[in-house]
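Take the sequences, apply the hints, and build the full model.
The listed protein sequences correspond, in order, to chains A and B.
With the numbering used here applied, the first sequence has no gaps in its numbers, which climb one by one up to 152 at the end.
With the numbering used here applied, the second sequence has no gaps in its numbers, which climb one by one up to 192 at the end.
If you are wondering where the hints come from, they were derived from the structure by calculation, not from laboratory data.
Ideal Cβ placement from N, Cα and C applies to all residues, glycine included.
Check the hints yourself; a few may be wrong.
[Unchecked claim] Below, a sample of chain A positions facing chain B; criterion: calculated Cβ distance under 10 Å: (1) 53; (2) 55; (3) 58; (4) 76; (5) 84; (6) 93; (7) 98; (8) 99; (9) 100; (10) 102; (11) 103; (12) 104; (13) 107.
[As the list claims (entries may be wrong)] If you want the footprint, here are the derived chain B segments under chain A, 3+ residues with CB under 8 Å: (14) 77 to 89; (15) 92 to 104.
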Amino acid sequence: MTRATLHAGRISARRRGRTRISRGERSSRRAARDAPYPQVALLFRGEPNASGASPKASVWFQDLACKWHYVSPSFTHYFRLMVVHLGIIGWQYAYTDIGLDNVTRQWMRLYCPERLAADDALDLEADAGDDAPAAR
Amino acid sequence: MRLRQSDCGAKPAAWAARAGRAMAEGTAELFNELSFHLLSYLEEQAGVSELAFENRTGCTPEDVFAWERTNAPYKLPGDLKAFLAAFDGLRFSWRVDMTNRGNITVGSMRLHRLRDVLQLPLDADDDDGLRGGLRKCDDDDGDGRPGEGQVLAAFGIEHYPRVGRARSGVVLAIRARRPMTTPSGFPFSRCPGPPRAR
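Structure representation (C-alpha cells):
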C-alpha cells in the first residue's frame, strides 16, 4: 500500500463518517430546536361573555410533556414565588406532581434551603391529602 | 463583587447604597427593590460569579391598549400591567463558577416582552392536565365552590433557557468573591441526600 493510497483512504473514511454524523447532528439539532420546552402561561378561564369583561387569569406551568400545572392565582404571586426560589432553573416543578429534579434540589439546598424545606412540606401535605380517606 | 450592566455600563456598587436614589424604570436597581433585594442577596452568596441583567424600559399604556385590542376580549391583569409599565419583559440570570465545570447558569428569569406575549394553542390533549389543575386552582379561592367556566385561552409569559444555546453576549459580569469550593473540594455536606421514595 502506497503512502498516497493510505492517505486518500483515510480522508475518504473520515469524510464518509463526518457526512453521516453531521446529517444526524443536523436532524437532532433541528428536532431539539423545534421540540416543546417548559413554559409559563397566563391562562384565562371563565364564561365567554359579550359584555366585554375579561375572563379570570391565573398562572400555569406547562412541562416538557406539555402537561399543564397550576402555579399561582395571579402574576404577583408568581413573581414572589420566582423571587423566593431565586429563579433557580426548574423551580416550577415544585408545583407539579413530578417534583423537583435532583439538580434543582441541589442548588436550592445550597442557596435557598428554607424554600426547599417549604416545598418539601407542601409535597408531604399533598401526599397526605391524597392518602387520606375521603371526607364524609 | 463586580457588576456591569449592558446599557449603562454601571460601575460596581453596593445595592443598599443605591436604594435611596431615584430609580429609573427597567434598571437593575429598580428590580432589586421590587424583588426584595434579590440581587444584593445573590451577590453575597458563595460561588456566584455573574449576574446578568438586561435593562429594559417599560412599555407604554398605548402598547398595552394595542395588545388588548388585538387579543380582545382578554385583558392583562392589573399587576402584570404595572410590572410591564416598569419592565417590558425581564431577562435576568445568574451563574456559579465551579472548578471543574466552569461557569454554569443556575438561575434564570425570562419574562416575555409585551409583544412576545402570544396566545398558545390549546388542543384536546391539554384537557386532562388542565382539569386536574383547575381543581387545585379552585381550592385556592377558598370559597368551597366548584370551578366555574372553561379554559378559554393561554398566553405565554415566561420560557426556559434552552440547554446548549449560547447567549448573544454577556450583559453583566461579576467576579466571585467567595469561591464555591472549599479547600477540601465541593461542599458535598451541603447537598441534599438521595431523593426520598414517593
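Hints and how they fare:
{"no.": "1", "hint": "53", "in the structure": "holds, 5 Å"}
{"no.": "2", "hint": "55", "in the structure": "holds, 4 Å"}
{"no.": "3", "hint": "58", "in the structure": "holds, 5 Å"}
{"no.": "4", "hint": "76", "in the structure": "holds, 6 Å"}
{"no.": "5", "hint": "84", "in the structure": "holds, 4 Å"}
{"no.": "6", "hint": "93", "in the structure": "holds, 9 Å"}
{"no.": "7", "hint": "98", "in the structure": "holds, 6 Å"}
{"no.": "8", "hint": "99", "in the structure": "holds, 5 Å"}
{"no.": "9", "hint": "100", "in the structure": "holds, 8 Å"}
{"no.": "10", "hint": "102", "in the structure": "holds, 5 Å"}
{"no.": "11", "hint": "103", "in the structure": "holds, 4 Å"}
{"no.": "12", "hint": "104", "in the structure": "holds, 5 Å"}
{"no.": "13", "hint": "107", "in the structure": "holds, 9 Å"}
{"no.": "14", "hint": "77 to 89", "in the structure": "holds (count 4)"}
{"no.": "15", "hint": "92 to 104", "in the structure": "holds (count 5)"}
Violated hints are absent here; each numbered hint is respected by the structure.
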